[in-house]
Amino acid sequence: LAKTTQPISMDSYEGQEVNITCSHNNIATNDYITWYQQFPSQGPRFIIQGYKTKVTNEVASLFIPADRKSSTLSLPRVSLSDTAVYYCLVANTDKLIFGTGTRLQVFP
Amino acid sequence: GAVVSQHPSWVICKSGTSVKIECRSLDFQATTMFWYRQFPKQSLMLMATSNEGSKATYEQGVEKDKFLINHASLTLSTLTVTSAHPEDSSFYICSAQAGGNQETQYFGPGTRLLVL
Numbered sequence: 001l002a003k004t005t006q007p008i009s010m011d012s013y014e015g016q017e018v019n020i021t022c023s024h025n026n027i028a029t030n031d032y033i034t035w036y037q038q039f040p041s042q043g044p045r046f047i048i049q050g051y052k053t054k055v056t057n058e059v060a061s062l063f064i065p066a067d068r069k070s071s072t073l074s075l076p077r078v079s080l081s082d083t084a085v086y087y088c089l090v091a092n093t094d095k096l097i098f099g100t101g102t103r104l105q106v107f108p
Numbered sequence: 001g002a003v004v005s006q007h008p009s010w011v012i013c014k015s016g017t018s019v020k021i022e023c024r025s026l027d028f029q030a031t032t033m034f035w036y037r038q039f040p041k042q043s044l045m046l047m048a049t050s051n052e053g054s055k056a057t058y059e060q061g062v063e064k065d066k067f068l069i070n071h072a073s074l075t076l077s078t079l080t081v082t083s084a085h086p087e088d089s090s091f092y093i094c095s096a097q098a099g100g101n102q103e104t105q106y107f108g109p110g111t112r113l114l115v116l
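Protein sequences appear in the order of chains R and U. No gaps in the numbering here: position 85 of the first sequence is 85 in the working numbering, and each next residue is one more. No gaps in the numbering here: position 30 of the second sequence is 30 in the working numbering, and each next residue is one more.
Some hints could be false.
[To be verified] For lysine-lysine, the following BS3-like pairs were computed, each having C-alpha atoms within a straight-line distance of at most 30 Å:
id: 1; chain 1: R; residue 1: K54; chain 2: R; residue 2: K69
id: 2; chain 1: U; residue 1: K41; chain 2: R; residue 2: K69
id: 3; chain 1: U; residue 1: K41; chain 2: R; residue 2: K95
id: 4; chain 1: R; residue 1: K52; chain 2: R; residue 2: K69
id: 5; chain 1: R; residue 1: K95; chain 2: U; residue 2: K55
id: 6; chain 1: U; residue 1: K41; chain 2: R; residue 2: K3
id: 7; chain 1: U; residue 1: K20; chain 2: U; residue 2: K55
id: 8; chain 1: R; residue 1: K95; chain 2: R; residue 2: K3
id: 9; chain 1: R; residue 1: K3; chain 2: R; residue 2: K54
id: 10; chain 1: U; residue 1: K20; chain 2: U; residue 2: K66
id: 11; chain 1: R; residue 1: K3; chain 2: U; residue 2: K55
id: 12; chain 1: U; residue 1: K66; chain 2: U; residue 2: K41
id: 13; chain 1: R; residue 1: K3; chain 2: U; residue 2: K14
id: 14; chain 1: R; residue 1: K54; chain 2: R; residue 2: K95
id: 15; chain 1: U; residue 1: K20; chain 2: R; residue 2: K95
id: 16; chain 1: U; residue 1: K66; chain 2: U; residue 2: K14
id: 17; chain 1: R; residue 1: K95; chain 2: U; residue 2: K64
id: 18; chain 1: U; residue 1: K66; chain 2: R; residue 2: K95
Hints were generated in silico from the structure; no laboratory data involved. These numbers were taken from a predicted model, which means no experiment stands behind them.
Generate coordinates for the entire structure from the input sequences, incorporating the hints supplied.
See the structure below:
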């Protein structure tokens, strides 16, 4: 299973765009990249998943370069409620191994 | 998205007792369910994979006789913490997956266990 590396924490202000980058240098051909959000004392919530290039949904965008050795989760115009831990996971099987995640703090 | 529930949401018990936690997929059939444990300020740690109708697969270091898993139907998996001790106090989270590989896992809200 590919190991991921993310910044431990990030700070932002309301209304700003936040980009969280995840490194996964040993990603395998069949691996997908998935991001989850977790609030304190809650289960993780699925945000977005992609294989290559760009994926966009109603809450975020996911940018994956051609070599797929990294990915960037982009959150447009964050609000206070986006304060949470964000996990990047890479897997081609159903087994998800969570890394340390990135703790995003949004300030007013 | 798909909804996964857990019951109870929190439980306090005395040391030595057993505690059962239920995980249900409410609007889809889950061929596979997973159990995680999360200690404060730490990431989720996968404990075991539960497949309907077969024995669970435990991760290294997780005692199968301590954490009994039963996946009796396509919508229900249970985790029983047997003879719980204070060190078992943690946040237990389940997830459910509808299909095979690459299918999104949907997580339950978690169960907070406190063993006195």
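Original post:
Hint by hint, which ones does this structure get wrong, listed from lowest number up?
Top reply: Number 13 - this is the single hint that the structure violates.
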